[in-house]
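S.K.: Heads up: the protein sequence lines correspond to chains A and B, in order. So in the working numbering, the last one in the first sequence is 107, and the numbering has no gaps at all. So in the working numbering, the last one in the second sequence is 548, and the numbering has no gaps at all.
No false leads were slipped in.
Partner residues aside, some chain A positions facing chain B, computed with beta carbon under 8 Å:
| no. | residue |
| --- | --- |
| 1 | 37 |
| 2 | 38 |
| 3 | 40 |
| 4 | 41 |
| 5 | 42 |
| 6 | 57 |
| 7 | 61 |
| 8 | 62 |
| 9 | 72 |
| 10 | 80 |
Since the hints were derived computationally from the structure, they do not count as laboratory data. These numbers were taken from a predicted model, which means no experiment stands behind them. Just so it is clear, CB atoms sit at the ideal spot from N, CA and C, and this is done for glycine as well.
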Amino acid sequence: MITGFPSPAQGYEDKSFDLNSLCIKHPAATVFMTVDTDRYRNMCIFNGDLIIIDRAKRITPNSLVVYESGGEFVIGRVCNIKGESQITGAITNVIHSVKEQ
Amino acid sequence: MILHADGNSFYASCEQIYRPDLRGKPVAVLSNNDGVIIALNREAKALGIKRGDLYFKVRDFCICRNIAVFSSNYTLYADINRRITSIYMEYAPDIEEYSIDESFLFFNKCNFTKDDWYEIGRELKTRIYKEVGMPICVGAAPTKTLAKLYNKKAKEHGGVFVYDEAEIDTLLEQTDCHTIWRIGRAKAQALARHGITNALQLKHMPLCDAKRLLTIQGYATVRELNGISAINKITRDKKDVITSSRQFSKKVYDMNTLECAIVQYAERAVEKLRKQNSECGEVCLHISTCNYYSDNPDEQYANGVIVELPRMTSYTPDIVRAARAGLPHVFRTGYGYKSVMITLMKIRPAAYQGCLWVDPMEDIKKRKLMDSLDDISSHYGRSAVSLAKGFGLSEFEMKRDFLSPCWTTRYKDFPKIH
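Make a model of the complete structure from these sequences and hints.
M.R.: Below, the structure is given as C-alpha cells:
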C-alpha cells in the first residue's frame, strides 16, 4: 500500500544535463587530445587541458585547429600555418580542470 | 544500386591515424599473440614483406628497414569502424557490415545517373578521410559481386568507380576468374580446365554448367555477374554457432592450466549466448599444439570432442562443467598446447522447456542467478564476477608486445599535443 502525498514536482523532472549535448555536434567525427606543453598559455590553453576536436566542422582562416607539424600534433590558427600541413580538425572546446593551489 | 566501400589497408591505416610521425612510412600489423603479419600498408608491401609472413622470421628485416610493427589493437579498429559505419548510415539506411573493414550500402529504387553515383562515392571518400582519417575506396554496381569487383578496380580510378553498362564486358574480359568474389583459386582452376579463364566467359557460362561445376554458390555468382541480384544481405542478429578461443603466449603442458583456460573461455562463450537470448544443446572443446615456432611434426597434436548437454541451457556452470568433462578425452600428456577453443552448438532461442525430473524451482533459481550475473557485468564490466577456476591464467595471457594506445576511447591514451 502506498501512502503519503505525491511529490508536487511530479511531471516536472528533467534529465540531468549532459555535457556531450553541448560539446559534441558530430559524435562520429569528434576526438579528444590532451595538452602536454605550456606553449599555448597565450591562447589560454594550459598543460593538462582536454581538447575537443570536431573533424567535421567547417574550417575558416580564423579557425583554431589541431594540425600536424614535424610528426607531432600542434595547435594554431589556420591563417598562421606555414607551408603545407595536414589539419586534423577544428577545436570546439577546451576543458580546463581547476586545481587546488 | 549497391555501393561497396572498404578501408585501404584498414588495420595499418588505423594505426597511422594518430601517429603523424608515421605518414608515408611502412606499417605492419601482427596477428593475436604476435605470430604472423596480417596487415601491411602499401609502403611496407613495396619493401617485399607479405601477409602471412612469420613475425620472428622477418623481425630483423622490419627493424633495419624501419617498418613500424604493431600488435593487433581490436579496441581501436572497432572504434574506427563504428565511426565509419555511422557516416555510411547518413547515406544508406540499409547497410551490411560484411567485415570490420568493408560494408555494402544498399540503395533501393534510386534512379540516379552515373555522375550522381560518382558524386556520392567521392563525397563518402572525402568525408571519411577528413572526419575519421581513414582512406577508403568505393565501388558501385547493381549486384554485390559486381560492386566488389568495381571496388577492387577503384584504386586505378581515383578511389571511386561506378558500373557502366557499356563498359562492363570489356572490364570483365580483363579480369581473371579467381579475383571474382567467392571464386577462389581452386574454383578458378576447375573453370580453367573448361576453358574459362576470364570473368566475361564466366558471365556467359550456361547456368546449369555453373551449378554443376561451382555448386549453388557459383550459380549465384554467375547470375550476379549478369546484373541480377542473387546474394542476399547477410543479417547476423543471432549466431547459430558461438566460439571463444585464444592462443597462449607460451606452451601449456599441464591439464590444470588447460582447465583454467576452458573455464574462462566457456564462460565468455555463454555470456555471448545469453546476450543474444539463446540456449545451446552441445559444447565442442578443441585443443591444439598448432604453433609457428616448431617445425617438428612429431610435436604436433590436435583433437576435439563434442559434449552433449542433458538439456538446452544457458546456465554458465552447467556448460562449463560439460566442457571440462570433455578434456580428459582429448588431453594427451607430453605435448605443449598453444590454443583452446570452445564452440557452442545447437543454439536455439531461449524458451522455457520444463523437465519431468527436475524441480522447476531449480530452473527459476538458475535463471535468477544468471540474470543478476549479467546485471553485475553490465554495470561493473565483464569478469567483475567469474568462476574461481578461471583465475590463475594470467601468465598465459596473449602476447601483445607492440600494442598501440587506444587513441580514441581511453582518457589516458588520448593523443598528446606538443
